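Trainee: The primary structure of each chain is shown beneath.
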Amino acid sequence: MASTVVIDKAAPTRSVKYGSMSRDRAWALRWSYFFLTLFAIFSLVPPIYMLITSLKSSAEISAATNPWWVFHPTLSNYAELLSSNQFLRFFWNSAIVSIIVVTITMLISVPAAFALSRMRFWGSATLATGVFLTYLIPDTLLFLPLFKMFATFGDWTGIQLINRWYVLLIVYPTLTVPFCTWIMIGYFASIPKELDEAAIIDGASWFQTLTRIFIPVALPGIIAATIFAFTVSWAQFLYPLVFTTSVDQLVMPVGIVTSLIKGDVFAWGQIMTGALLGAAPPLIIYAFLMDYYIAGLTAGATKG
Amino acid sequence: MADVTLRKVVKRYDDVEAVRGIDLDIADHEFVVLVGPSGCGKSTTLRMIAGLEDITDGDIMIGGDVVNDVPPKDRDIAMVFQNYALYPHMTVAENMSFGLRLKHFPKAEIKSRVDEAARMLDIAELVDRKPKQLSGGQRQRVAMGRAIVRHPKVFLFDEPLSNLDAKLRVQMRIEIKKVHQKVRTTTVYVTHDQVEAMTLADRVVVMNHGRIEQIGTPNDLYHKPATRFVAGFIGSPAMNFVPCRLEDVSGKLHIRLTDRISFPLPPARAARYQSVGRDEKLLLGLRPEHITEASAHPEPGVEEFETVLDVIEPMGMETLVYFTLEGAQICGKVNPNVNAQAGKPLRLAVDLNNMHLLNEATGAVI
Amino acid sequence: MVDVTFQPNRVAAARTVRKRASLKTALKRKSTAAFLMTLPLILLILVLVIYPAFYSLHLATLNKSMQRFIGLGNFQFLFKRDTFWLVVEQSCIFAITAVIFKALIGFVVAHFVHNIPAKGQRKWRGMLLVPWVIPPAMSTLAWLWLFDPSYSAFNYTLSFFNIGPIPWTGDAYWARFSVILVNIWFGAPFFMIMYLASLKSVPDQLYEAAAIDGANWWQRIWYVTLPMMRNIIAITTLFSLIVTFANFDIVRILTAGGPIDHTHIFATWAVRIGIEGGDIPLGASVSLFMLPILAIAATFILRDINKRGNEA
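Line by line, the protein sequences give chains D, E and B.
Sequence positions in the first sequence follow the numbering used here and run 431 to 734.
Sequence positions in the second sequence follow the numbering used here and run 1025 to 1390.
Sequence positions in the third sequence follow the numbering used here and run 182 to 493.
Don't read these hints as lab results, they were simulated from the structure.
One thing to keep in mind: the hints can contain errors.
[As the list claims (entries may be wrong)] Below, in silico cross-link-like pairs of lysine to aspartate or glutamate (DMTMM-like), each with a Cα-Cα straight-line distance of 20 Å or less:
no., chain 1, residue 1, chain 2, residue 2
1, E, 1156, D, 624
2, B, 300, D, 721
3, D, 623, E, 1077
4, E, 1154, D, 624
5, E, 1201, E, 1272
None of the values given here were measured: they were computed from a predicted structure.
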């Protein structure tokens, strides 16, 4: 007997179910967008306000007209800052310090992460946890003893460390290396070991395995760590505030805060311009490489 | 091409012995399959041959040279991994030629070898694609191509078909066999699937708990298993084991299964088992194909009995029938036309010419 | 006879010699290379993190000019100061309040982003992460300007609703609120990103099974989402607690600890005393008070990481 399709006329037809489900979903979506817009506004108000203020002349600012709108936009703040040697000096110092620190960080972190994630050796597990834990000893605890240590070092050897921008090259890595290593350990560990083994069997030395197989595959993680190291270096405030005091040694964050705020006379147009320019490099990198940025952060979230 | 020899090879992790002293001689051009359940030590053995694991004790020789301390890249071997291990940032051609490029082979030679392997494996149109654009079967072929172009002394396969779906697995099995017929390189192949072992191997090595249970051709292992483990592992559906005893009834040797069922042994078998103790606990080993429906003209050595069936599984080509005997679940194969129904009795015949008798305590086949 | 008895030993001896040699080379290859690769990291941490941490313990026991050993004198001095206890209280309130709100907001926003179709998520994620990307010193300047006593843009807007000008940084309690607010603004995106990634990794089938079992949206969150995200929630919360506790930039720029020390936290007060006041040992003592609390949090994290490792 041939089998026939039986239509159950008593069962509720599907269109009703779909209708109610999709209506629920539509409302859920509308609420989601509504709240997301609220939060987005909350997130973007300060930087947008920075932009708005930076385009105002000091006359317009003190006139106290609507602060949310620019009536007579001017680029004079930008012109003044970008032609100010002092400001350019801050930018230059920040750039040099950040770039060198990123290089140092990568040179230390990449081999360490590689060894800790893929080479089982005595103590590697404790070391990996230890790396993570040192990140929890904050700079606000270390800055005083470091200050004294550098002062003493200067006395002993005559090499002046306090109030020199290159001292930052020594302390910044303590902030970048542990987290970069941790990001990369998570990332490296997710690359299957069989890849290394296949390369070894194909005849590669460990160095060739590292450079021709591993690093190309691990590149996204490395890029993410690089971005993170740069952003952290650029944004540092406490260490440079404590260790550098002369105007020509300052980096951006400290420079803008201390030199543009002269007593009680706040040249807010310039301050906001300076702040925006100071925030620009990380923002630009973020705009172009957002996915790497986020990948670096979340490398730990899903796998731990 | 080379032969591979393992002498008393042991692998110890802290205090766990994964491989407990195995001896194995693999002849040149031979296709040997290491088969066994998870954790039996077959992959560890393969990796020791490859040099990816250190040898705790014993020797491994490839082509007559002891390679214990030789790093993998100098052993002249090639390996195909379970999850292919293709370099994701390289094209298929680059993946296949990586080993040759490392050794600075001339470009023309590299190209000809890659083309030849690609043609053999039917992946010639894929050479410029990246692994993530390929299907599972295609990736596996690329992995094999990478091994072939190196013209190594030994091919090592580590469960290469486990990640493929059933249909693809059958296809790839045939591909692997074709490649071996063409290239004739000594091959050591690890799998947990006894069907792969039986279909691919010149000789099969059955491993269990770090030891070799039996080495032999597929036919040998199927028809002359040496231990209970091998008897139960090889063949699907598995061999049936029924507790039994030998007894003498009116001068002839009988085998008693239950209070009701006792069969006389055929003469050849009776002669072989004459010296076995009548009180010893034994196991009767019978493959399902030797438990069939009773026929009108029973042959010598075939005994009949009736039992109630528990479950039937119509397979089309045959019908599997399951019933219980002394608490053990038994499987038999009957003709699909036989009226077998669950819960109803059926008259079955056992072919005792093909029986195996095992010592229950030691697991050895008598 | 002699040959026969010697032979086995020689083979055995040769075997052990070969094994020892191979052992040595094996060690040489992998372990030492691995150790060398981690050596710079270890040195960096030892010299610039571990050593200074202990050194600060030593410093805290010295007098102001660092000539004399005064034991716990600095601590005794601090215990008698009202400002010190104010700082302790404020640091704790800031850290706990800020982290709770950051985690909550991060969790809620992550859900919203997760709900919208995948194509749009990238855009929204991008916008919502901006606070975390801007150097905190720079964005705090923006907030400072937004909170300015005379020109506050917020007060301007609020005046349309007849809400009087709020002394964001002038009044002690509003100042605390402002500091916490900026902290939340800055830190919530971090939570959002981490939680979003974790949300994505919860298998849909669990939600489907819960829906079939009759769970509503709240029950689904409580019984499916939260347990699956337990580890990430624990780690990010503790991590943030420690980082927030030790925060410096925001308070320093926004209120410089005022008014009347009512927003001082450990970090800013330590700078005030140690660097500006020139009393390094006293400043070190202040900083050190963060240690017990950090240590407790660290042990919790350690326990959690180990537990996670075992589960995996």
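Trainee: Now tell me, hint by hint, if it's right for this structure.
Mentor: Taking the hints in turn, this is what the structure says about them:
About 16 Å separates the Cα atoms of residue 1156(E) and residue 624(D), which keeps this hinted pair within 20 Å; it holds. At roughly 14 Å between alpha-carbon atoms, residue 300(B) and residue 721(D) fall within 20 Å of each other, so this suggested pair holds. Under the criterion of a C-alpha separation no larger than 20 Å, the hint pairing residue 623(D) with residue 1077(E) is consistent with the structure, at around 13 Å. A hinted pair counts as satisfied when its Cα atoms are at most 20 Å apart, and residue 1154(E) with residue 624(D) qualifies at roughly 18 Å.
A hinted pair counts as satisfied when its Cα atoms are at most 20 Å apart, and residue 1201(E) with residue 1272(E) does not qualify at roughly 50 Å.
Hint 5 from the earlier list is the only one contradicted by this structure; the remaining hints agree with it.
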